[in-house]
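Residue numbers (this note's numbering), protein chains in the order written: chain A, 8 to 199; chain B, 8 to 199.
These are calculated hints, taken from the structure and not from any lab test. By construction, the Cβ of each residue, glycine as well, lies at the ideal position given by its N, Cα and C atoms. Don't take each hint at face value.
[What the hints assert, rightly or not] Simulated pairs of lysine-lysine, DSBU-like, Cα-Cα distance not exceeding 30 Å:
1. A:166 to B:96
2. B:187 to A:166
3. A:164 to B:196
4. B:164 to A:196
5. B:68 to A:193
6. A:187 to B:96
7. B:84 to B:10
8. A:193 to B:84
9. B:187 to A:96
10. A:166 to A:196
11. A:34 to A:68
12. B:193 to A:68
13. B:111 to B:164
14. A:166 to A:84
15. A:84 to A:96
16. B:164 to B:84
17. B:96 to B:34
18. B:187 to A:84
19. A:164 to B:34
20. A:159 to B:166
21. B:10 to A:128
22. B:10 to A:68
23. B:187 to A:34
24. B:68 to A:166
25. B:164 to A:84
26. B:193 to A:34
27. A:159 to A:128
28. A:84 to B:111
29. B:164 to B:196
30. A:193 to B:96
[What the hints assert, rightly or not] Examples of chain A residues toward chain B, derived with CB under 7 Å:
31. 52
32. 54
33. 77
34. 87
35. 132
36. 136
37. 145
38. 159
39. 160
40. 186
2 protein chains.
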Amino acid sequence: MGKVRLGPQTLIYPMPVLLIGANVGDKPNFMAAAWGGIANGEPPMISVAIQHHRYTHRGIKQNLTFSVNVPSIDLVKEADYCGIASGSKVNKVEVCRFTVFYGKLGNAPLIEQCPVNLECKVMHILDLGSHALVVGRIEETYVSESCLTDGKPDVNKIKPFIYTEDPAIHYQAFGEVIAKAFSVGKELKVRQ
Amino acid sequence: MGKVRLGPQTLIYPMPVLLIGANVGDKPNFMAAAWGGIANGEPPMISVAIQHHRYTHRGIKQNLTFSVNVPSIDLVKEADYCGIASGSKVNKVEVCRFTVFYGKLGNAPLIEQCPVNLECKVMHILDLGSHALVVGRIEETYVSESCLTDGKPDVNKIKPFIYTEDPAIHYQAFGEVIAKAFSVGKELKVRQ
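Excised from the complex, chain A in its bound form (with noise of 0.2 Å):
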């Protein structure tokens, strides 16, 4: 099996659709970001890779709260155009038809509609290069009671989806469950 070397590239898969929220002055704002991840167990706490120039980032600097909204597939335009316009420009709220509430924090605007909000407090802004890498600690995370089965979370009812870029740019939803996790590897301990 050959490889090819492309040069540096920002590739992994899978990449989350996260939507990233601040208040801009008093308005509430918010921006679709594909580079994130957790960042730490205990405390909890989250990464997003933010454009220095984006309006957001402004309102994340003013304040020092964000929050994360997973959008579920039934919002998909709404979180696309929140990746295509700008906070600068035009009211994404409205454009949206958002409902936004506000938690403990009181600053940091959450979508009602997303089915899973992360309300987050700045740890640590680094500067990177193109792109400041916003860690939060997680304070408190909201899921719409529609979404859980049994108390719990239940990604079939959240339904979430990825970002692609290869072959093209596009969003997909999650497919088949292809094994349980901390156990189909255990086959493999028989070789040790």
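With chain A's structure known, arrange chain B on it following the hints.
Only chain B this time, still in chain A's reference frame:
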């Protein structure tokens, strides 16, 4: 639509399955990580959360290099095994029958069988609590020739998978394409 508060949780979708590689002493070792994401565009960087006590982390701190390998569905057992076993006790490369190669950095081990490999140089290590957030600059990208279409990486050939915890701890395949990104949201522009 009501919301339920679940307290601070590491709850985003999707999470990747990444095999993080490092030489510990002279021995290549790989661990599975679901907590990571792209951290910067120019230059390309990636961040991964790793528990301090992990064997792989020792190698990362020693060499200040690491690799990120994206497994395909065909490697689900091997990937899971890398998340169960510790390199301090077993030789995961032998058990998984990985063919290891090295690239321009010389000491970041890469897995031939994984369709996508990133070679990284450590830029920052942030101690966030239970985990260290390791930020690496992507120095080179390798893609298996068999996973290219017209010279570009093709997700349908790479066949990566997702780590899900809810409602059960599973790996899931990618599902159907639901919309074109930076496109479907334009339909909402009429509301501006």
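Problem - Numbered hints the structure breaks, given as an ascending list - result: Hints 1, 7, 10, 19, 24, 28, 29, 35 are the ones this structure does not satisfy, whereas the remaining hints hold.
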